[in-house]
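Visitor: The chain contents come next:
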Amino acid sequence: MMVVGIDLVSIARIAESVATFGDKFLARVFTAGELAYARAKPDSLAARFAAKEATKKALQLDGVGWNEIEVVRRPSGACELQLHGAARAAADAIGATDLALSLSHEDNYATAIVVARCEKA
Amino acid sequence: MSENVGKIRSILKEHGRLTKDAESLEESADLYQAGMTSHASVNVMLALEGEFDVEFPDSMLKRSSFESISAISSVITELTAGK
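Heads up: the protein sequence lines correspond to chains A and B, in order.
FYI, the numbering for the first sequence is 18 to 138, going by the working numbering.
FYI, the numbering for the second sequence is 1082 to 1164, going by the working numbering.
It is worth saying that the hints were derived from the structure and are not from the lab.
What you are looking at is a predicted structure, and each value in this text was computed from that prediction instead of being measured.
Heads up, a few of these hints could be off.
In the EDC-like style, the derived pairs of lysine to aspartate or glutamate whose C-alpha atoms are separated by at most 16 Å in a straight line are [as the list claims (entries may be wrong)]:
hint : chain 1 : residue 1 : chain 2 : residue 2
1    : A       : K41       : B       : E1104
2    : B       : K1094     : B       : E1104
3    : A       : K41       : B       : E1136
4    : B       : K1101     : B       : E1148
5    : B       : K1143     : B       : E1159
6    : B       : K1088     : B       : E1104
7    : A       : K58       : A       : E33
8    : B       : K1088     : B       : D1139
9    : B       : K1094     : B       : D1111
10   : B       : K1094     : B       : E1107
11   : A       : K41       : B       : E1130
12   : B       : K1088     : B       : E1132
13   : A       : K137      : A       : D115
14   : B       : K1094     : B       : E1136
15   : A       : K41       : B       : E1159
16   : B       : K1094     : B       : E1108
17   : A       : K41       : B       : D1139
18   : B       : K1143     : A       : D79
Simulated DEER-style distance windows between Cβ atoms [said to hold, decoys possible]:
hint : chain 1 : residue 1 : chain 2 : residue 2 : range
19   : B       : G1131     : A       : D79       : 37 to 45 Å
20   : B       : S1105     : A       : Y54       : 23 to 31 Å
21   : A       : G94       : B       : K1143     : 29 to 37 Å
Covered stretches of chain B (in silico footprint by chain A; criterion: 3 or more residues with CB under 8 Å from a CB of chain A, positions within the stretch not fixed) [claimed, not checked]:
hint : stretch
22   : 1103 to 1114
23   : 1120 to 1126
For glycine and all other residues, C-beta sits at the position ideal for the given N, C-alpha and C.
All chains should be built: construct the whole structure from the sequences, respecting the hints.
Guide: So, in structure tokens, the structure goes:
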């Protein structure tokens, strides 16, 4: 069966978290690769946070770290998901394949949608 | 325990973005129903880590860990046990 997850995030709230908690927030939620691209871009950080939450919803992941769900940006600008650690294991356990991701942001909000094929969901 | 609950209420008031007053919310009330978003729960977690000098392992980053004041209190008790 196909599964889907969507999330919507306020860009200003993500910027607030960065201002309040600094590197503690960034390191806890994002990977080094994500930060290399998006550290100074609140809209891109917000879109990535939305992608992580959308992935959790689509695959019904619970008890996994946000930085175990990574948004990888291809040279073309297209983004895809890579799962690590407990997130990878949980996705494998339900037979999740063909994860597809789309991100968008405009003015105040960022959103992400994740679709996957899931053999055992 | 009750001292912890007071600190948890203060953190929820500051970071939880609840639509209800964290000071008067029942300990069993569903915080997500009270307006806490997944993003706000990250802020709550980071504030709890600072307040109680603990670190939430990934395995405790469950929706259920943050679903109520009593759930948060139980997790804090577990994390601070043996300190």
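Visitor: What hint numbers does the structure not satisfy?
Guide: 1, 8, 14, 15, 19, 20, 22
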